[in-house]
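Let chain L serve as the given structure and place chains R, F and S on it in line with the hints.
Protein chains in written order, with our numbering: chain L, 796 to 1183; chain R, 796 to 1183; chain F, 796 to 1183; chain S, 796 to 1183.
Keep in mind that the hints were calculated from the coordinates and are not lab data.
It is possible that part of the hints are untrue.
One side of the interface only, derived from the structure: several residues of chain R facing chain F at Cβ under 7 Å [to be verified]:
1. Gly943
2. Pro1015
3. Val1124
4. Asn1128
Every residue, glycine too, gets a C-beta built ideally from N, C-alpha and C.
As a plain string of letters, each chain reads:
Number of protein chains: 4
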Amino acid sequence: MVQFSDIASDLTRQAIELPSWAFGNSGTRFKVFGTPGTPRTPEEKIADAAQVNRYTGLAPTVALHIPWDKVDDYAALRRFAEDLGVTFGTVNSNTFQDDAYKFGSLTSTDASVRQKAIDHHLECIEIMHQTGSRDLKIWLADGTNYPGQGDIRTRQDLLAESLQTIYAALGEEQRLVLEYKFFEPAFYHTDVPDWGTSYAQVAALGDRALVCLDTGHHAPGTNIEFIVAQLLRLGKLGSFDFNSRFYADDDLIVGAADPFQLFRILFEVVRGGGYDEGSPVAFMLDQCHNIEDKITGQMRSVLNVQEMTARALLVDRPALLEAQNANDVLAANGILMDAFYTDVRPALAEWRESRGLPADPIAAYKASGYQETIVAERAGGVQAGWGA
Amino acid sequence: MVQFSDIASDLTRQAIELPSWAFGNSGTRFKVFGTPGTPRTPEEKIADAAQVNRYTGLAPTVALHIPWDKVDDYAALRRFAEDLGVTFGTVNSNTFQDDAYKFGSLTSTDASVRQKAIDHHLECIEIMHQTGSRDLKIWLADGTNYPGQGDIRTRQDLLAESLQTIYAALGEEQRLVLEYKFFEPAFYHTDVPDWGTSYAQVAALGDRALVCLDTGHHAPGTNIEFIVAQLLRLGKLGSFDFNSRFYADDDLIVGAADPFQLFRILFEVVRGGGYDEGSPVAFMLDQCHNIEDKITGQMRSVLNVQEMTARALLVDRPALLEAQNANDVLAANGILMDAFYTDVRPALAEWRESRGLPADPIAAYKASGYQETIVAERAGGVQAGWGA
Amino acid sequence: MVQFSDIASDLTRQAIELPSWAFGNSGTRFKVFGTPGTPRTPEEKIADAAQVNRYTGLAPTVALHIPWDKVDDYAALRRFAEDLGVTFGTVNSNTFQDDAYKFGSLTSTDASVRQKAIDHHLECIEIMHQTGSRDLKIWLADGTNYPGQGDIRTRQDLLAESLQTIYAALGEEQRLVLEYKFFEPAFYHTDVPDWGTSYAQVAALGDRALVCLDTGHHAPGTNIEFIVAQLLRLGKLGSFDFNSRFYADDDLIVGAADPFQLFRILFEVVRGGGYDEGSPVAFMLDQCHNIEDKITGQMRSVLNVQEMTARALLVDRPALLEAQNANDVLAANGILMDAFYTDVRPALAEWRESRGLPADPIAAYKASGYQETIVAERAGGVQAGWGA
Amino acid sequence: MVQFSDIASDLTRQAIELPSWAFGNSGTRFKVFGTPGTPRTPEEKIADAAQVNRYTGLAPTVALHIPWDKVDDYAALRRFAEDLGVTFGTVNSNTFQDDAYKFGSLTSTDASVRQKAIDHHLECIEIMHQTGSRDLKIWLADGTNYPGQGDIRTRQDLLAESLQTIYAALGEEQRLVLEYKFFEPAFYHTDVPDWGTSYAQVAALGDRALVCLDTGHHAPGTNIEFIVAQLLRLGKLGSFDFNSRFYADDDLIVGAADPFQLFRILFEVVRGGGYDEGSPVAFMLDQCHNIEDKITGQMRSVLNVQEMTARALLVDRPALLEAQNANDVLAANGILMDAFYTDVRPALAEWRESRGLPADPIAAYKASGYQETIVAERAGGVQAGWGA
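Here chain L stands alone, though its shape is the one from the complex:
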């Protein structure tokens, strides 16, 4: 039986990257609701992200999205962040909001559109050098809405070509992670719809090209932990975009829709070495707080990941292996469930306190008055969202 004390030191290396855009407004095609206190600038987003880290100790890096987080002086932005105790992680490109990309970006049959999209990534790489980011994340909205609209095969070849150019421009220490998504915004075919496609594409590029797994980007019923195990086995799991979903790409708080799934995913991460010291796997959130508070929403999210990681670490793996090898189905399942049903929250609260963090980070944040301050101070201006 694994005890919390056995895993306490493993928890210290947990770091979950926050997406800057999670602090801006988001919504559906039907409506984007605003919220008092929403940031209006990259700096304000970073300030909010730093709050999450301050109270949880779990979120030392922030992911940027270009052009939403474009600034004139990235060095200054970096200092601003560092002063607040956070640094920059992944840079996310955007090839879905320029009118030029209506029918595709890196897969466009129009060479000038492809070049524009490639150039955007080269700009992102340049920004990465300035922000000290390791990962260039490409989520590609490219696809078609109607059968016949595009040539699926040609687009795949064009994608390979475009990615090659981008990959070649990466610095030695930089990586490219290619995200896949089942559907949306394209409704017939998506150019990178599944892990197999992402894997085939990055395998053709080289060692520093890896797959990004967004937990909300699969067909109904997909066994995501299997993909985790497989990509770790193939040495190609680069990063996670955590969130949860009941239906499609709902982008809810990670662990909210199916906590047991999150547990199984994290167990395979641990099992496959993805949580080991020095693991190449980056952990990140990618969520939309459409109606709930954003800062506490992000706190809830990193705490959910932490709690589930603790449970995954608590699995008695030697006993599990024994039951598995004995084909004792119920015993093996029971060992897993035992860890899942363990209430790690009290032990984590203590552990946090022992490290100078509040036992209840959300309560501490609420008591701090920060929320009231930003609601008061951030009057006027344009609240940040996906468009800006």
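The following block gives chains R, F and S in isolation, referenced to the frame of chain L:
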């Protein structure tokens, strides 16, 4: 064997209502692309809708959406439409874009929010009197994103109460149609998620409350034609919102994603009397032409419905019944497929010409120069979309 | 904050019915694996079921399946069961294994087949009188595999007619529960595919006709707890068939695939009065232990239901309501999650001991030697399965 | 515009392999219905398969399933088949029906079970030499039903190892095709659940290891034609198992559930060179005629493939490319749909007659009296099914 000549007269009574908003811009949460020539006013939308009817003879009515189509003088708008050969059909309410509805409208636990939503419907009913509309269509975005966020049961009771008030305000000749939707924009629970809920709610209201079936609003794999048959049997099928989907509520052109499904749906409509003279079932489109041309997109849609209706009418029902009663599975299926695989397009082209319509409506429209004119004339202003 | 002591007395009224067939072999179309010790007779199934009750105190009744559990003398079978501390619950009919039902049973267009199926149900009612069963459960495999094979509408009318005859034959204290299922064994249309259909059919019958909700019989993504809330609201939730699934009708151990879903379902049961003293809702398992041990599989199942019921009862409903009414999304969700994440197992172990039950029922059963005995004694004969 | 005469010669090279087991009985876990005339021996299955080829000219090869089609003398079986005008194609292994495989076969943690499964494949290879078969098809039922039951990662490694041994035993002209399947009979994880896994596994083996795509083995909503295009691009599409489905692995007649999907699949096959002279792609059926006639069911199936191939060949690809490059969404889609809606049946009937085949193969078969003969002659004995 049924011949086209046997069904030609049945085709004359086909009428498919167009949604005014299909002529405005639409998109996803990631981007709404604009298109040259997009209408900026209700009048321009109606003018475009009238073009669809002019060349196809299939779309004599236009559905309005309040507040998107609010005008000062509905009588004038009605004359404007009638001068262009179309009249007004359904009035669609909107309880998802006001900030007040962030956590619900007709189901809100806040009585003042419910009243606001009820008042909006009373205003719609008043507009219906002015526009000569029969149907008030309620699609409710209400729902929650997280388990526990709302009390599912209480909300259902509040919905019943709100609907009762609205229903009571209907004129003698007016109807209420309640649409259901599997999910989106709510991602955990939706207050009217399935036909059963819509049916239970409208059955409690009275004879003039009916179900609206949107073909894109079901769980994956749902047999929609079964629901059609069931609702017709229960006397509660009020109207259709036609569109098609590969994944979720994609809102693609009707028949584009699964033509055979459209055929099966229309066959059950015919079988169940929903296409009979005097049938209470209203046929309407509800689609989003995110990337394709809107006017020709609507033309393609009504033609798809017409072509499939023709195929559904061509089914040799006496032979089918005989094969069914003999449990000859392949023969019965073959009789259905025979109609589906019949290429009705040449006969329909001839039939159109015999009625003074162009054989190829889309080509005729394209040759008319209308598109070039609106692209040129509709410079400036704000293109209509879901927000306005 | 609700304490375990507050809910302890509520737990005493929990009773979960066991299906006799869960103790026989089951499998997929690919293979049914046998297991040493599998019962060969209804008596042996009942003896195994009694073991589950003996160690958990949760399963005082057993459901029978006719003809699988046909015996010459039901009074003797009843005494046999009572001697082992259990009584009989639901009687399940079977209209899917006789060659006559290849193309339908209660919906067959052949009047003699319908009569045969009706007569089978009349026989079941007769058996119910002898076994003291209250509920006649009808799960109908009827449906078609190919479009056109059957007339969906006519079949629905025939179903209504057949059910009426059966309903009329019920005793005053007997009930009819109609189960729905999304698909399988029919692969195109199923005659009772969703709760709406089951509801419409039983509503037409009368007060003693109710819906049976099998948790594995829904389309992917369906919000089952919503259906629970709705059926309770409509007064038509008759019974549950508990199991769990990752994909289709997998019939796994309840709570195994998505424990949080089970929690949400049970919370709505509690919320809607379905767990109240005297509630008409019957709780039953319907699972297939294809590869795991059957007796301990059933134990695991009833314990899962008990643990989740405890968590559902622990929800601080006044606090929840307050957060809901304040539209505090994260707080409301947090209150629900707090109960879900509470580890009720130690308190339940104590509670069991306080009632003379073993703290760990599965360990106690394993230590009892029963399994070894039946493996040794049940050599020879034909192991019970779905066919016998 | 492509004319039928332009594609007529392309149609002559179409060959669709029939699975011997399609002529035996099949069903669901609920019931396998027998049918008069069902074969009792491999010879009788082959005789029935030969009928399909005789009347359609489309099915010159038969796939065998070991052990279901085990005989003492394969040379004799081969002569028997050749006398009837057919030869042997793929040999399908079976690692799901032996009690030893309850918890896995090629992935079992028990080395002796793995060896047994490997030996079975070596035996299949030996049979292939005798039957003149090129392809060894491996569909692996391996997987688990409960989280924790097995170690996903280890099983994947064991699979790679087992496959390597089998691959090494292949003759120079032989190939291994690895089929993937979303789920069933395993209900939690499947060891080869998706094309990515099959691709990663066969890529590690060598050039003569390829992916087998069964059209019914995907998650809901999966864009199958995309996978076709991708695998052709990667040079790894080995074969098809054709069938259709509304829900899961329904194994209905190919084209029956979604004819447009079959069209899109075949269009990508043509587009990607999979139908070219000398293409390595093998086309095969894998279906279950649970309730419909088997011989005419197979006829209907190969005719469906032929009709859809004709439509796919009719697509005006130069015009399509032009519309695609112009981003004319509706025009491009329209060109595809134009081919789909073309009724190729009359031209195919003529074409068949011109080649000495009956215009209506099914009618010709029915008129032949073969069915009546086998019904009369095949009295007694045990009808073939999946178990024998």
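Holds or violated: is the Cβ of Val1124(R) closer than 7 Å to a Cβ in chain F? Holds, because the Cβ-Cβ distance from Val1124(R) to chain F comes to roughly 5 Å (cut-off 7 Å).
Hint Pro1015(R) vs chain F: min CB-CB distance below 7 Å? Since the shortest Cβ distance to chain F is 5 Å, the answer is holds.
With a cut-off of 7 Å, does the beta carbon of Gly943(R) approach a beta carbon of chain F closely enough for the hint to hold? Holds - the Cβ of Gly943(R) comes within 7 Å of chain F, reaching about 3 Å at its closest.
Would the hint on Asn1128(R) stand, with a C-beta cut-off of 7 Å toward chain F? Holds, because the Cβ-Cβ distance from Asn1128(R) to chain F comes to roughly 4 Å (cut-off 7 Å).
Of the hints listed earlier, there is not a single one the structure fails to meet.
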